[in-house]
Amino acid sequence: MFTEEMVHTALQTWCDNVVAVGKVHAEGGDAKAFASKVLSENYDYDNGKVLFKPTLTYGAQTFRPTKEGALSYFVGGNSDYPNDNGFKLKPWVKVWYSKEDFILNGELAIVQCNVHFIGADDSHIFVNKSFVFKQCDDGKIRIILHQSSLPYQP
1032 MFTEEMVHTA LQTWCDNVVA VGKVHAEGGD AKAFASKVLS ENYDYDNGKV
1082 LFKPTLTYGA QTFRPTKEGA LSYFVGGNSD YPNDNGFKLK PWVKVWYSKE
1132 DFILNGELAI VQCNVHFIGA DDSHIFVNKS FVFKQCDDGK IRIILHQSSL
1182 PYQP
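Be aware that the sequence shown starts at 1032, since it is given in the numbering used here, and climbs by one per residue.
No lab work stands behind these hints: they were computed from the structure.
Possibly wrong hints are sitting among the right ones.
[Stated by the list, open to error] Across the chosen pairs, the derived CB separations fall in these ranges: (1) His1147 with Lys1084: 15 to 25 Å; (2) Asp1111 with His1039: 33 to 43 Å; (3) Gly1137 with Glu1058: 38 to 48 Å.
[What the hints assert, rightly or not] The list that follows gives simulated cross-link-like pairs (lysine-lysine, DSBU-like), each with its CA atoms no further than 35 Å apart: (4) Lys1160 with Lys1054; (5) Lys1063 with Lys1098; (6) Lys1080 with Lys1160; (7) Lys1084 with Lys1125; (8) Lys1063 with Lys1084.
From a predicted model like this one, the values you see are computed outputs, not experimental measurements.
Built from N, CA and C at the ideal position, the CB exists for glycine as well.
All chains, full assembly: derive it from the sequences and hints.
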């Protein structure tokens, strides 16, 4: 059964991983391999289906139902996704969530929150996020839905 503590741990892990991918890239490491590992450990692409709508995607490539598409969004460099610049490579030096709310339902947690990103260049953005976290058969918590959008600007 999903608990409130598990929700907070899953959200913090997601935030920490954004910073970690950028750090690996900034230090000259293999950001693609590291991001692929993050995807395997934290998204259910390897075991099931994931619904992923990244923040800065549009047109035919708005949704990323495959690990390959998600990896391209995170680190870029895939000619099949020419508009991807590698969102996680900025690097982001601080990422945190706020105003979270959730519904716990057995092995699932349905979560909405804001996520704030601070770049190494002192830029700051925040996005609205929806996640569905699933407690998988191996005991790990993985994302099965990740929707992200910029706040409405009237």
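Verification of the hints:
| no. | hint | verdict |
| --- | --- | --- |
| 1 | His1147 with Lys1084: 15 to 25 Å | holds (19 Å) |
| 2 | Asp1111 with His1039: 33 to 43 Å | holds (36 Å) |
| 3 | Gly1137 with Glu1058: 38 to 48 Å | holds (40 Å) |
| 4 | Lys1160 with Lys1054 | holds (23 Å) |
| 5 | Lys1063 with Lys1098 | holds (12 Å) |
| 6 | Lys1080 with Lys1160 | holds (19 Å) |
| 7 | Lys1084 with Lys1125 | holds (22 Å) |
| 8 | Lys1063 with Lys1084 | holds (20 Å) |
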